[in-house]
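This is what each chain is made of:
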Amino acid sequence: MRRVWRRGVLRDRRTESPTARTLVIAVDEWPGHLAGQHLDLRLTAEDGYQAARSYSLAAPADGDHVEVTVQRTAGGEISPFLTDDLAVGDAFEVRGPLGGWFVWRPQDAGPVLLVAGGSGVVPLMAMIRARAGVSRAPFRLVYSVRTPDDRLYPAELRRRVAEDGGLDVAWIHTRTAPEGDPRAPGRLRSADLIAHGWPPDFEPTCYVCGPTGFVEAAAALLVALGHHPSRIRTERFGASP
Amino acid sequence: MDASSRPGALDGNALAGPLSEVFVAEVTTAVARCRGCGRATVVAELVVFGPDPGLVARCPGCSDVLLRVVRTPERMWLDLGGMASLEVAMS
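Listed in order, the protein sequences are those of chains D and Z. Numbered per my numbering, the first sequence spans residues 78 to 318. Numbered per my numbering, the second sequence spans residues 317 to 407.
Read the hints as simulated data drawn from the structure, not as lab findings. The beta carbon of each residue, even a glycine, is placed where N, CA and C say it ideally should be. Among the hints, erroneous ones may be present.
[Unchecked claim] Not everything, but these chain Z residues come out facing chain D in the computed CB check (under 10 Å):
| # | residue |
| --- | --- |
| 1 | A325 |
| 2 | L326 |
| 3 | P334 |
| 4 | E337 |
| 5 | F339 |
| 6 | V359 |
| 7 | E361 |
| 8 | M406 |
[As the list claims (entries may be wrong)] Computed Cβ-Cβ distance ranges for the label pairs, DEER-style:
| # | chain 1 | residue 1 | chain 2 | residue 2 | range |
| --- | --- | --- | --- | --- | --- |
| 9 | Z | G352 | D | R252 | 23 to 29 Å |
| 10 | D | A122 | Z | V338 | 41 to 47 Å |
| 11 | D | S267 | Z | G324 | 37 to 43 Å |
| 12 | Z | A400 | D | A151 | 53 to 59 Å |
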């Protein structure tokens with residue numbers, strides 16, 4: 078789909094976790110987007126050097142304002158600049174919306190299973206936010222994080238579980254679980270998807286997003302449980318930071 | 317080589333931006349048929365390495381290279397030689 082680079086200006090930055098920030102960006106003539114789509118963000122240095130990265134859109138568009146949540150990668154070229162140095166009012170370039178496969182549309186009425194690893198929750202959060210108030214599609218989110226501090230959007234997710242209706246969220250902790258969590262810390266297991274996902278005969282559409290290793294493992298677990306590969310959509314963002 | 321088990325691999329969703337510069341239609345939802353093994357795969361599900369120095373997309377079935385994209389400030393090289401066909405939805 079033909080897309081051009083547009084001017085983006087940082088309007089606000091919110092802290093989501095010790096290492097993640099949400100950037101609110103005003104984009105000239107943003108055409109709107111679907112939940113699950115991403116954008117490319119391009120920075121140009123004074124000497125003309127350019128670097129571009131892809132980020133999932135975290136929420137429905139608010140006019141020409143869009144949101145992405147950026148996880149700071151230690152030693153990264155771009156992410157520490159975006160999370161720490163870019164100032165409100167600074168301008169850069171944005172191209173999007175991008176992608177047509179890893180998307181959820183409010184008219185899709187069937188059950189949905191969202192499986193997130195780390196900041197892979199971002200496009201899935203966009204789906205949860207897009208659903209609120211316009212869809213009754215039953216949603217379940219199984220969200221794997223290293224420690225409780227790594228959870229993105231924890232307060233909003235708890236609020237939405239209470240208010241949105243038809244949304245359930247289960248946190249899976251791989252290294253440190255909160256006090257009182259009956260589940261021992263460890264990687265996502267089949268039992269987690271059985272307990273917190275949908276049975277395969279409900280024929281949910283499954284969206285899996287995270288680091289490549291997580292996505293491969295989670296998709297394989299879903300297939301082994303009987304979910305048909307044609308109903309599993311995946312998005313990988315490479316090696317785990 | 318089992319390309320799908322490479323931890324640094326991306327997937328075809330990452331092709332959306334670069335290919336948007338040359339294609340009018342959405343390419344990541346198109347179906348690519350591998351010239352090597354004949355497998356048909358949605359472009360978004362291809363195994364992709366990159367983005368620098370270029371993007372390389374491989375067949376998840378046999379790991380053959382289906383697509384390569386290299387971009388300089390002035391030019392793009394697009395190699396689709398590993399594909400027997402690319403089936404694009406027209407809307």
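Numbers of the earlier hints that this structure fails to satisfy, in rising order: Of the numbered hints given earlier, those the structure breaks are 8, 9, 10, 11, 12, listed in rising order.
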